[in-house]
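Top line first, the protein sequences correspond to chains A and X. Just so we're aligned: the first sequence equals residues 1 to 343 in this note's numbering. Just so we're aligned: the second sequence equals residues 1 to 48 in this note's numbering.
It should be emphasised that the hints constitute simulated quantities derived from the structure, not laboratory data. These numbers were taken from a predicted model, which means no experiment stands behind them. Just so you know, not all the hints are guaranteed correct.
Rough simulated footprint, nothing fancy, chain X against chain A, three-plus residues with beta-carbon under 8 angstroms [said to hold, decoys possible]:
1) 62-73
2) 243-255
3) 324-333
Positions of the beta carbon are idealized from the N, C-alpha and C atoms, including for glycine.
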Amino acid sequence: MELFGVAVSLLGTFAGFGLLVGLLFGFFGMGGSFLVTPALLVMGYETDVAVASGLAFVFGTSVIATLKHRDLGQVDYKLGLSMIVGTTAGIEVGKIGLHWLQRIGLANAVVNVSYVGLLGGIGAFVTYRALGDGGGGFGPDEDADAPGDRELPPVAQKIQSYQVPPMLELRGGVVVSLWMVLFVAFATGLLSGFLGVGGGFIRMPALFYLVGVPVPVAVGTDLFEIVFSGGIGSFLYALDGAVDLTIVVPLLSGSALGARLGAAATSVVEEDDIQVYFGVMLLLGAVAVAIRQIGSVVDAPVLDTVALVVIVGAALLVSGAIVVSSVRELRTDERTDATRTAD
Amino acid sequence: MLGVESAAATQAGVVIGAVLVEALLLYVGYGALERVAGPWLTRRLEGR
Numbered sequence: 001m002e003l004f005g006v007a008v009s010l011l012g013t014f015a016g017f018g019l020l021v022g023l024l025f026g027f028f029g030m031g032g033s034f035l036v037t038p039a040l041l042v043m044g045y046e047t048d049v050a051v052a053s054g055l056a057f058v059f060g061t062s063v064i065a066t067l068k069h070r071d072l073g074q075v076d077y078k079l080g081l082s083m084i085v086g087t088t089a090g091i092e093v094g095k096i097g098l099h100w101l102q103r104i105g106l107a108n109a110v111v112n113v114s115y116v117g118l119l120g121g122i123g124a125f126v127t128y129r130a131l132g133d134g135g136g137g138f139g140p141d142e143d144a145d146a147p148g149d150r151e152l153p154p155v156a157q158k159i160q161s162y163q164v165p166p167m168l169e170l171r172g173g174v175v176v177s178l179w180m181v182l183f184v185a186f187a188t189g190l191l192s193g194f195l196g197v198g199g200g201f202i203r204m205p206a207l208f209y210l211v212g213v214p215v216p217v218a219v220g221t222d223l224f225e226i227v228f229s230g231g232i233g234s235f236l237y238a239l240d241g242a243v244d245l246t247i248v249v250p251l252l253s254g255s256a257l258g259a260r261l262g263a264a265a266t267s268v269v270e271e272d273d274i275q276v277y278f279g280v281m282l283l284l285g286a287v288a289v290a291i292r293q294i295g296s297v298v299d300a301p302v303l304d305t306v307a308l309v310v311i312v313g314a315a316l317l318v319s320g321a322i323v324v325s326s327v328r329e330l331r332t333d334e335r336t337d338a339t340r341t342a343d
Numbered sequence: 001m002l003g004v005e006s007a008a009a010t011q012a013g014v015v016i017g018a019v020l021v022e023a024l025l026l027y028v029g030y031g032a033l034e035r036v037a038g039p040w041l042t043r044r045l046e047g048r
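Only chain A is shown next, with the shape it has when bound in the complex (with noise of 0.2 angstroms):
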């Protein structure tokens, strides 16, 4: 049976898809095209219809995604437009430094040893952060715009401490020098740009670890990001008809519940618990990123399968963890409400 030309079982599949990276992608505001682009590649699509199908998805996800962490007073504004400008910026010098690599014939060798070292290493320091030493973290049911008595990443210390004007208050109750968020916004668009990656695996942690932002602030306002700049990459993608809708809008149907019941979560599940799901999907993602760049060198296309199932599995075990841990922290809520109440 088809639908539109397209199998049903098909769309269904998409659908199914679309809503585990949804909820992951609404959860940490990273992981749409680093799971979407693999799996349409494996599928037998062209790797221009996969990059800019999955980009148009990410760009659909990430507005609902953002427009849900709004709802949730999640997003900063001037956080997020400050970081598109020094991004921006970061990204164009990050590709002068690929083309020069790739001149010298060297790109794809430092490029491939360069992101899975990043995503192992961003993975392993937050997922050592937040098991190690209570994680910095701002606890659970925090407010966004209240600072409380929250313990501050030594590096954001730090960088708060400059007090260069023009200051920005943002959300959370940090104050900072626009110079330092630009400063930090260009270093992480000079990787990205480099890498060739869309980069919320590295301005996600960024923003709450560099600049001082509670956890759900840095995801909303990274998905704000992404909106812009998945918005701009499809488009340029598009020009060539290289976006495929067969594929994005049954993506999207599914992803739209997810990315709303991810967002949802951030404000539920406790922030270091957080930042451990961060951590792994990162390091499994190194893993599945290591063993595809290893399936290229070697000539052997099953390693792209291996890495997939690998991926896949990961972000079901980590999306299963987040609705088991959202459940629970439910459950405790309602039972100390009821204490509460009978006292």
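Starting from the known structure of chain A, fit chain X onto it as the hints suggest.
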């Protein structure tokens, strides 16, 4: 030459516009669903 580029830009705009419209419709649609079924689902998840 310019006409070809302009046609490609228009077509790209239509494709990205379609993705944006779908995203907004889904956001509104699922939002309505959340308002209707959300409280019931939350109560079920809380074990009430």
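Hint-by-hint comparison with the structure:
Coverage of the segment 62-73 of chain A by chain X holds in this model, with 4 residues showing a Cβ closer than 8 angstroms to a Cβ of that chain against a need of three. With a threshold of 8 angstroms between beta carbons, the proposed coverage of the segment 243-255 of chain A by chain X holds, since 6 of its residues qualify and at least three are required. Counting residues of the segment 324-333 of chain A whose CB falls under 8 angstroms from any CB of chain X gives 5; the rule of at least 3 is met.
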